[in-house]
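Protein chains in written order, with the numbering used here: chain U, 1450 to 1747; chain S, 198 to 530.
Hints were generated in silico from the structure; no laboratory data involved.
We treat Cβ as the ideally placed atom computed from N, Cα and C, and that holds for glycine.
Check each hint, because a few of them may be wrong.
Stretch-level coverage of chain U by chain S, calculated; a stretch enters the list once three of its residues show a Cβ under 8 Å from a Cβ in chain S [said to hold, decoys possible]: (1) 1494-1506; (2) 1516-1528; (3) 1580-1592; (4) 1668-1678.
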Amino acid sequence: MQSLTLESATERSHDLAARLLPWLHVKALTGGLIVLTFIAVGIFGPGLAPHNPNKQELTAMMKPPQGIGSANILGTDNLGRDILSRLIYGARVSLLIAFAVVFVSGLIGITLGASSGYIGGKVDFGIQKLVEVMWAFPPLLLGITIMAFLGQGLFNLILALVAQRWIPYCRVVRGQALSLRERDFIVAAQCLGANKRQIITRHIIPNLIQTSLVIGTFAMASSIIAEASLSFLGVGVPPEMPTWGTMLADSRIYISTAWWLPLFPGLCIFITVLGINLLGDALRDILDPRLKRTGSGM
Amino acid sequence: MTGYLVQRLAGTVPVLLLISLLVFTLIHAAPGDPTLMLLGEETNAAAVAKAKEHWGLDRPLYIQYLKFIASAAAGEFGKSFKYGEPVARVIKTRLPATIELAVFSVIIATLLAIPLGVIAGSKPNSWMDNLGTSFGLFGISMPSFWLGIMLILLLAGILNILPTSGRSTYGVAGPEITGFYLLDSVIQKNWAAVWDGLTHVFMPALALGMNMLGILMRVTRSAVLEVMNEEYVTTARAKGLAEKNVIWRHVTSNALIPVVTVVGLELGTLLSGSIIVETVFAWPGSGSLLITALNARDYPLVTGLVMTYTVAFVAINLIIDGLYAIIDPRIRY
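All chains should be built: construct the whole structure from the sequences, respecting the hints.
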């Protein structure tokens, strides 16, 4: 009786996994396709954009979307600038910032997390205090404060976004490093005379890549929204740079007369973030067997 | 339990001190002189010196910081440059609007997210699950300020059924009692004002709460999935309970533990999200006040607001920790 229930339970979970798999693929495929498209648009932007994104055409102001085949497929803004071209250049800026933020945060977070977990003691205490202080700021507020006082600019913006985004890496990596520390292959490396730096860079960090990849995907999604939020509030990129956030900010006073101005940039942010989240979900399901077993979509 | 909370409370003091130092440094690293911004271009050296002396900006930085700490501990952040009133008073007039907005966002988010999450989690891979999961993904991917603009475009613009901005229609609300318009209107039994307040709060609350809705829905779903495998659920089913009772009484009540934590964690995000949503809807809360203060380089007001937000954030996390122990009897500190 006991074995029978167990068997049917396993069967059920196999069944569940089999049913989940196609859904997983759909997620990974859709997400990957969206993200790749936007990356391609970002890379080949100058070749794809039909117009100069900053060229003002005062005789063609506020043209509603004209449809495919016309001069301004998605219309023009209050200064006669082509919306589609600005969106394409905006993809470039948004993705560039997001990649930079994810890379720098990952570098800082993984290094600090691995050191914190593996070395322990005073190093751990110091790093964890730093985490505690930075984490005590409501998100976005720290970014706004940094940008408002250091001034607009790409470098400051990346700094403002990295300020809190390295923390998830640090926390998760620290926990994993703590458990890795006791594992046989680390002890073996120690016995062979490897020093702390070698163990951290050669043995601990390579084992943390998978988890970091998942964290990185979600950090990327949140960076894109945060960058757009800061630019929307007027404390993001320099004003002459076309980004989705600044386009949205500029559109606000024309909401009642020109629906296409706020619609398209926001749609770009939403679709990109949706794609990244889909990809992140799929990655997590694939890379984290614990979550795959329960079939969690989290 | 009490010991743990006291310990946690004491632990927040150095964190708050470090945060105040960080904020103070950041503000003083800023380019641009606040006295010049306030007095305008056509001022003279004597007036600038007088203003600096008046606001204490001529003192050494560490003296300014110590003064700031001493008064901050008493809840005093000095006088706002822009409004000429004590910072605490300025913030106090704006805080109820933000709290009101946050409360409504949480209500909308939880009321929708929990049932959706429970339905999705109890029937994994059904069409309801797919619909709910998609909705959750939609929620977490949606930038709140864009959703706000789109809601204005649709509900206030095209359909013209809701007001675009603000907290109330001029002249509808009665005199202030608590500063919470809806509460005041209920106390005064001014139902027209209650309705007016609700129509104003709906769009910003939905825009602000959408992100939390998505996250909560996903957390609820996975918590339900997790709990469904527990033995006490099998026991409940074996007793012959109706599936409805199993799900809502045994599964949901246990699945709510992680949900409460996430509500707490997300409250902080919600607070800072309110800064941007308030700007979109011209909601007269502390978030839009922060943007005004930043643009005017009103140092005391910015510092006061940042500290208020941070203390609120730290306090919420502390409360959630305590609450966690009450809900889950397995946790003992």
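Hints versus structure:
| no. | hint | verdict |
| --- | --- | --- |
| 1 | 1494-1506 | violated (count 0) |
| 2 | 1516-1528 | violated (count 0) |
| 3 | 1580-1592 | holds (count 8) |
| 4 | 1668-1678 | holds (count 4) |
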